[in-house]
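Trainee: Chain by chain, the residues:
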Amino acid sequence: MMKNIFIRFSFADLFTYLFLAVMAFLSIFPFIWMVIGATNNSIDITKGKISFGDQLWVNIASFFEQVDVGLIFWNSSKITIITCVLTLGISSVAGYGFEVFRSKPRERLYTMVLLTLMIPFAALMIPLFISIAKAGLINTHAAIILPGLASAFIIFYFRQCTKAFPPELRDAAKVDGLKEWQIFLYIYLPVMKSTYAAAFIIVFMASWNNYLWPLIVLQSNELKTITLVISSLASAYYPDYGVVMVGTIFATIPTLAIFFLMQRQFVQGMLGAVK
Amino acid sequence: MSSKRAEQLGRYKNITGWMFVTPALVLMGIFMIYPILWSLWMSFQTGKGVRTKFGGFDNIVRLANDPIFLKALFNTMTFLAIQVPIMIFLAIIMASLLNKSNLWARGWFRTAIFLPCVTSLVAYSILFKSMFGIDGVVNQTLMFIGIVDDPIGWLTDPFWAKTLIIISITWRWTGYNMIFYLSAMQNIDASIYEAARIDGISAWRRLISLTIPMMKPVILFTTVTSTIGTLQLFDEVNNLTQGGPSDSTLTLSLYIFNLTFKFMPSYGYAATVSYVIVFIVVILAFLQFRVSRDRK
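So the sequence lines, in the order shown, correspond to chains A and B. Residues in the first sequence are numbered from 1 upward in steps of one, following our numbering. Residues in the second sequence are numbered from 1 upward in steps of one, following our numbering.
Hints may contain errors.
[To be verified] Derived DSS-like pairs: lysine-lysine, alpha-carbon spacing no greater than 27 Å straight-line: (1) A:Lys104 with A:Lys179; (2) A:Lys193 with A:Lys78; (3) A:Lys174 with A:Lys193; (4) A:Lys134 with B:Lys53; (5) A:Lys134 with B:Lys48; (6) B:Lys71 with A:Lys163; (7) A:Lys163 with A:Lys179; (8) B:Lys262 with A:Lys134; (9) B:Lys262 with B:Lys48; (10) B:Lys53 with B:Lys216; (11) B:Lys71 with B:Lys216; (12) B:Lys162 with A:Lys47; (13) A:Lys49 with B:Lys162; (14) A:Lys104 with A:Lys163; (15) A:Lys78 with A:Lys134.
Just so you know, these hints were derived from the structure itself, not from any lab.
In isolation and in its complexed conformation, chain A is listed as follows:
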């Protein structure tokens, strides 16, 4: 027995654990740094102090003084929730439609939808900016929400997952006299709950963390999102890093919470693309 354990714990195992421990530490360290930083003043942070300080309340107070935290959080939440609901609605309906009702012209259009996945945002932003400006939507939240509503990736994701939706369920519902939209609403939606959860996480993360497009279309401070606010706090000539750390924690808590509450769906959503 002893001998067995001894042989098992080989040099290779030692290397494995050492390597993984170092990698895990490097992965987590910036999070620890963020929490420690929130308790220190700016000078200590730039000097690399890695112990807890007593500045937490000072930093929080000064963050709330500089930023209308409630309003900024409301802006981010409002944009994110509206984006999630509308994107999931429109894109899941389309993904289901493409898979269940097949026809040649629709297959061609679906190929087009997939091709748009290759379009980099940089190539869209100038015409989008001009269109949004012409529509008088600059400096509104609608300008942020509208362009992302039909997401090619989410359509693709729902079509892939719909392949696993049993056709017998549809047939049975039809025999019972349900209309197509009723089948979608009362049968498909509840059955595909986990697909919706995974897609929700994808859209939530993208929307909450969105930076470039809001940076372009939002100008007034009272409309800005938390991501924009922490970016502008940190890009000051002499940033107050204690305040920046508090802001970063505030910006990260919602995504961290979703990750820990829905870890399985989170990973499923990330992997969605290769299934």
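Following the hints, put chain B in place on chain A, whose structure we already have.
Mentor: Only chain B this time, still in chain A's reference frame:
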């Protein structure tokens, strides 16, 4: 009767089908297809602000003679060529180490390594900026361990600024790619490994000649997505280095942003630069398509 009914049913199905897909298609037309065609047209326009005129290939000539564009292209390609291979290599190694089912604290390791994916690109860039200052925690640690004698100018030296961007992206995305590999490895039949182990093939050889060939499609997929992502690099450089020092971390996306929103807008030229990215992405996607077809 049956043919008429089938026809009716077919038409009915067709109309319902269109009702399901039309909202999404209309939105994509407005916010994707129309803008991408418009920016193609724009790329043939020259001039600044609202005064523009048709310039033919003037913008392409300007590209070839624009040292800042060439620098941005070079930087973006450098990030790609160095960062993507390092990250994919690291991710494969970590995935294969984590794939052992008897590994102690396996779930903890996996969660920890995946955790960077949860942060926003802006948030982690800010954290890295605060860590990599001249007196910052990273330099202090490196000097304490004795790796370097003098602090490194991560944000002030062109070479180290590039390195910092590469380190940052690697930190953020390695765990993300690892998850793909881990899930692909778990789908590989364990008996193949068992047979190889019995034949006395070392772990390293098993990785090189068994695992990696079987994971080719996933590796290809992650390489292409990472490449497309890096081509669009913006949030990190804008928050960490603002493209500096002396444009050493300027990327194509940041240059387009500067051309459009920082300087006197020159939409036409910015659109031309953006089509350089489109062009590279299309080539890459085509290559991926060719390789994955050849396999079948």
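Trainee: Does each hint hold? Answer for all of them.
Mentor: Going through the hints against the structure:
Simply put, Lys104 of chain A and Lys179 of chain A have alpha-carbon atoms about 24 Å apart, close enough for the 27 Å limit, and the pair holds. Distance restraint check for Lys193 of chain A and Lys78 of chain A: the Cα-Cα separation of roughly 23 Å lies within the 27 Å cut-off, and the hinted pair is therefore satisfied. Restraint check: the Cα-Cα separation between Lys174 of chain A and Lys193 of chain A comes to about 21 Å, which is no more than 27 Å; the hinted pair holds. Between the alpha carbons of Lys134 of chain A and Lys53 of chain B the distance comes to roughly 20 Å, so the proposed pair stays at or under 27 Å and holds.
About 18 Å separates the Cα atoms of Lys134 of chain A and Lys48 of chain B, which keeps this hinted pair within 27 Å; it holds. About 46 Å separates the Cα atoms of Lys71 of chain B and Lys163 of chain A, which puts this hinted pair outside 27 Å; it is violated. Annotation: proposed proximity of Lys163 of chain A to Lys179 of chain A holds, straight-line Cα distance about 20 Å (limit 27 Å). With a C-alpha separation of about 20 Å, the suggested pairing of Lys262 of chain B with Lys134 of chain A holds against the 27 Å cut-off.
Distance restraint check for Lys262 of chain B and Lys48 of chain B: the Cα-Cα separation of roughly 13 Å lies within the 27 Å cut-off, and the hinted pair is therefore satisfied. For the hint linking Lys53 of chain B to Lys216 of chain B, the alpha-carbon distance of about 48 Å lies beyond 27 Å, and the restraint is violated. The suggested pairing of Lys71 of chain B with Lys216 of chain B is violated, with an alpha-carbon distance near 33 Å, which exceeds 27 Å. Restraint check for Lys162 of chain B and Lys47 of chain A: the C-alpha separation of about 22 Å stays at or below 27 Å, so the hint holds.
Distance check on the hinted pair: Lys49 of chain A and Lys162 of chain B sit about 25 Å apart at the alpha-carbon level, within 27 Å; holds. In summary, the hint linking Lys104 of chain A to Lys163 of chain A is supported, as the alpha carbons are separated by about 18 Å, within the 27 Å threshold. Straight-line distance between C-alpha atoms of Lys78 of chain A and Lys134 of chain A comes to about 24 Å, which keeps the hinted pair within the 27 Å bound.
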